[in-house]
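J.: Listed in order, the protein sequences are those of chains C and B. Position one of the first sequence corresponds to residue 0 (numbering that gives the first Met the number 0), numbered consecutively onward. Position one of the second sequence corresponds to residue 0 (numbering that gives the first Met the number 0), numbered consecutively onward.
In short, the hints are calculated from the structure, not lab data. Keep in mind that a hint or two might mislead.
[Unchecked claim] Restricting the straight-line Cα-Cα distance to at most 25 Å, the calculated cross-link-like pairs of lysine to any residue (SDA-like) are: (1) C:K174 <-> C:L155; (2) B:K25 <-> C:Y167; (3) B:K26 <-> C:V142; (4) C:K170 <-> B:A44; (5) C:K173 <-> B:V19; (6) C:K102 <-> C:F62.
[Unchecked claim] Quick look at which bits of chain C chain B covers, simulated, 3 or more residues with Cβ under 8 Å: (7) 97–105; (8) 338–350.
In this text, all values refer to a predicted model and were calculated from it rather than measured experimentally. Just so you know, even glycine gets a beta-carbon here, dropped at the ideal spot from N, CA and C.
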Amino acid sequence: MLHSRAKCLLGVTFSLILLIFSLSSFARQDSDSIIEKKIKILDANEVIFGHISDGHEFHFISFFSGGKEHPISIPLPVILYSPGKGITTFMSSEFHHGERTVKGYALLTDHNIERWGLNSKKFSAGQIVAVNENGQPDTGVKVYDFSITRNVVQMLIALALLVWVMLYIAKKYKKGEGVNTAPKGIQSLLEPVITFIRDDVIKPNLGHKYEKYQPYIQTIFFFILFNALVALIPGTANVVGNIAFTGFLALTAFIVILFSSNSHYWKHILWPPVPLGVKFILIPVEILGIFTKPFALMIRLFANMLAGHIIIICLVSLIFIFGTLNTIAGYSVSPFSVAFVIFIYFIEILVAFLQAYIFAMLTAVFVGQAFEGDHHEEKVHL
Amino acid sequence: MNLLIPAFGLLIWTLVAFLVVFFILKKFAWPAIIGGLKKREQTIADSLATAERVKAEMAQMKSENEALLAKAREERAQMLKEARETKDKIINEAKDQAKVEANKIIVEAQAAIDTQKMAAITEVKNQIGKLVIEVSEKVLRRELSDKKAQEDHVRSLVDEVKLN
Numbered sequence: 000m001l002h003s004r005a006k007c008l009l010g011v012t013f014s015l016i017l018l019i020f021s022l023s024s025f026a027r028q029d030s031d032s033i034i035e036k037k038i039k040i041l042d043a044n045e046v047i048f049g050h051i052s053d054g055h056e057f058h059f060i061s062f063f064s065g066g067k068e069h070p071i072s073i074p075l076p077v078i079l080y081s082p083g084k085g086i087t088t089f090m091s092s093e094f095h096h097g098e099r100t101v102k103g104y105a106l107l108t109d110h111n112i113e114r115w116g117l118n119s120k121k122f123s124a125g126q127i128v129a130v131n132e133n134g135q136p137d138t139g140v141k142v143y144d145f146s147i148t149r150n151v152v153q154m155l156i157a158l159a160l161l162v163w164v165m166l167y168i169a170k171k172y173k174k175g176e177g178v179n180t181a182p183k184g185i186q187s188l189l190e191p192v193i194t195f196i197r198d199d200v201i202k203p204n205l206g207h208k209y210e211k212y213q214p215y216i217q218t219i220f221f222f223i224l225f226n227a228l229v230a231l232i233p234g235t236a237n238v239v240g241n242i243a244f245t246g247f248l249a250l251t252a253f254i255v256i257l258f259s260s261n262s263h264y265w266k267h268i269l270w271p272p273v274p275l276g277v278k279f280i281l282i283p284v285e286i287l288g289i290f291t292k293p294f295a296l297m298i299r300l301f302a303n304m305l306a307g308h309i310i311i312i313c314l315v316s317l318i319f320i321f322g323t324l325n326t327i328a329g330y331s332v333s334p335f336s337v338a339f340v341i342f343i344y345f346i347e348i349l350v351a352f353l354q355a356y357i358f359a360m361l362t363a364v365f366v367g368q369a370f371e372g373d374h375h376e377e378k379v380h381l
Numbered sequence: 000m001n002l003l004i005p006a007f008g009l010l011i012w013t014l015v016a017f018l019v020v021f022f023i024l025k026k027f028a029w030p031a032i033i034g035g036l037k038k039r040e041q042t043i044a045d046s047l048a049t050a051e052r053v054k055a056e057m058a059q060m061k062s063e064n065e066a067l068l069a070k071a072r073e074e075r076a077q078m079l080k081e082a083r084e085t086k087d088k089i090i091n092e093a094k095d096q097a098k099v100e101a102n103k104i105i106v107e108a109q110a111a112i113d114t115q116k117m118a119a120i121t122e123v124k125n126q127i128g129k130l131v132i133e134v135s136e137k138v139l140r141r142e143l144s145d146k147k148a149q150e151d152h153v154r155s156l157v158d159e160v161k162l163n
């Protein structure tokens, strides 16, 4: 019921957005002021991607004074490696938001890409390129960017929190609290989650080998959960909705699946028990399946987390889009927008748990399938 | 918009962070947490099993006690019955013996009485005889002194003989 209503409301919201865009395009030829407004509307796009993309600084807000933009942000260290120059480190503030080149490197901004006439399909804002003595970008030099970006910083914060919490409760268990007595505080908060993952994800899928995989699956779950929850704090980076993050997790899952596979698994892939004619179709499908499983893990987590963030930013941007059209419209839209944002926020909290659970669950299922043939009585139950 | 192209740097940092977190948790957190939970579950299961066992033992003990009690009660009844029987037996025996004794005493007494009686009768007889002799002597003495009385007496004797 709630879901269908939400769907309906979302439909209304997006049709409103479309309406605004079409209105502004109709109005283009009318006057210059409308065109200016249209540019501001399109800025929403930049705002959205600015929020969900990685960055070399922790950007909070910008304010305008004297016709210039003054961003308020925390600079982060930039660590670059290029075969010719070796490792170079400096703070991202030295770029002055792309205005200056530092130690032979330049930060690309939309403005810079336009100015230097770079291929916008190959280069995008936020990227760092090497520059030659004339201050022109040298696209031939390969630059490896190991910078502590805002995603990295936030991930480290989330993981420090995770490690601290886990070590804290581990210490309590070592002391016998929660073993001989009832668990207390944060222990009793996390314990049901840990036992849920153990009893409903790990045990049913991994059967007799569950103890061996328990640390890995539990870590995966809490790794995603903590990062996803920290990323819900307004102003933070979108770590779990970054494909490098989900890609890495999928890669570990892929490696774990391969290392836990047995001959039965490979026999099933390379010589499935089907008629010969079907084998020619099924073998390529099965081989492809080895790769599609982790790939699906990667895309699923990435898309789910990204979508939630985009929706929230869209809804907030909606206020300003309306605001540029008409101040009163902006104010009148804001309560609806905020109500939606609150709703989506709750969904996002649910999604954080859900996606962490799904990732852990599917990893457990795939790993379980890899050594399934060992014991036929312990088949995977989905 | 390089959303779909994984950033190499972030990938490496995620790798490093994940491995560090994984090994720290695997070494210091998970064994304690998982072990602690397992131990507690084991303790609870053991406690429940012990409680169940104790309960069963209690029930068994109770039934044993009841059986024992029933047995004791039965034994008590048996003993009481036996005691009653013994009592009756003793009483009867005593009665019988008493009767026998009494009979013996009676018989003895009878015998003694008889003996005494015989002795008494003999005595009486002797006394009577003596008395008769004395009386006869006195009578004879008087009779002999009186002729007429003698004649009367002889006459009466003769009459008697006749009558007989």
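J.: Work down the list of hints and note, for each, if the structure agrees.
T.: Quick rundown of the hints versus the structure:
Only pairs whose Cα atoms come within 25 Å are accepted, and C:K174 paired with C:L155 is rejected, the gap being roughly 28 Å. In summary, the hint linking B:K25 to C:Y167 is supported, as the alpha carbons are separated by about 14 Å, within the 25 Å threshold. With a C-alpha separation of about 36 Å, the suggested pairing of B:K26 with C:V142 is violated against the 25 Å cut-off. The suggested pairing of C:K170 with B:A44 holds, with an alpha-carbon distance near 24 Å, which does not exceed 25 Å.
Of the pairs offered as hints, the one joining C:K173 and B:V19 holds, with about 22 Å between alpha carbons and a cut-off of 25 Å not exceeded. For the proposed pair C:K102 and C:F62, the alpha carbon gap of about 29 Å is over 25 Å, so the pair is violated. Figure legend: the segment 97–105 of chain C, annotated as covered by chain B; annotation inconsistent (0 residues with Cβ-Cβ distances under 8 Å, at least 3 required). With a threshold of 8 Å between beta carbons, the proposed coverage of the segment 338–350 of chain C by chain B is violated, since 0 of its residues qualify and at least three are required.
Against the hints set out earlier in the document, violations occur for numbers 1, 3, 6, 7, 8.
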